[in-house]
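Trainee: Sequence:
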Amino acid sequence: MSKTVRLRAEDWVGLWLVAVISGGRLAFRQLAIVPRMTVGLCAAANAPAVCAPRAAVLWLQYQQAFGWAALLCGIAGFVLGRRWPSVLAVAIGITAVVNYNATTGIIGTALGLVAWIGLMTGRYDLGSVGL
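In our numbering, the protein residues as written are 580 to 710.
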């Protein structure tokens with residue numbers, strides 16, 4: 580039994596959102612976190628402005644916050660059968676994997692993808708459950 584994928588406007592916006600969030604996060608990591616010179620710059624007494632978001636991202640990475648956020652969004656999208664938590668789960672899940680929060684990030688991304696693809700193919704029949 581095959582289902583046809585019908586991309587609606589929300590799906591195109593979701594794909595764009597995933598690309599922008601994931602690409603932006605990867606670019607920030609490559610420009611502000613990976614270079615060794617930023618460690619020395621941010622350790623200085625008069626650190627540049629880029630060091631505050633850098634420190635926040637590193638703290639969130641250490642706390643596994645990206646992975647847990649992806650997992651919570653993935654569970655919400657999967658259980659509720661809604662598009663936007665699923666889209667956020669995919670976007671945050673990719674960010675989580677980039678930031679070494681892979682275990683929970685991959686699970687959240689997988690749940691989000693299953694829900695999102697289910698909505699695109701019409702497998703979720705929300706009318707039968709009263710939603």
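It should be emphasised that the hints constitute simulated quantities derived from the structure, not laboratory data. Backbone N, C-alpha and C fix where the C-beta goes; we use that ideal spot for every residue, glycine too. Take these hints with a grain of salt, some might be off.
[To be verified] Computed spacing ranges between beta-carbons, pair by pair:
| # | residue 1 | residue 2 | range |
| --- | --- | --- | --- |
| 1 | Pro627 | Leu605 | 15 to 23 Å |
| 2 | Pro627 | Arg585 | 45 to 53 Å |
| 3 | Gly602 | Ala628 | 17 to 25 Å |
Trainee: Quick check: does the Cβ-Cβ distance between glycine 602 and alanine 628 fall within 17 to 25 Å?
Mentor: Cβ of glycine 602 to Cβ of alanine 628: about 22 Å, so the range 17 to 25 Å holds.
Trainee: With respect to the beta-carbon atoms only, verify the hint that proline 627 and arginine 585 lie 45 to 53 Å apart.
Mentor: holds (48 Å)
Trainee: Could one say that the CB atoms of proline 627 and leucine 605 fall in the range 15 to 23 Å?
Mentor: holds (21 Å)
In the structure shown, no violation is registered for any of the earlier numbered hints.
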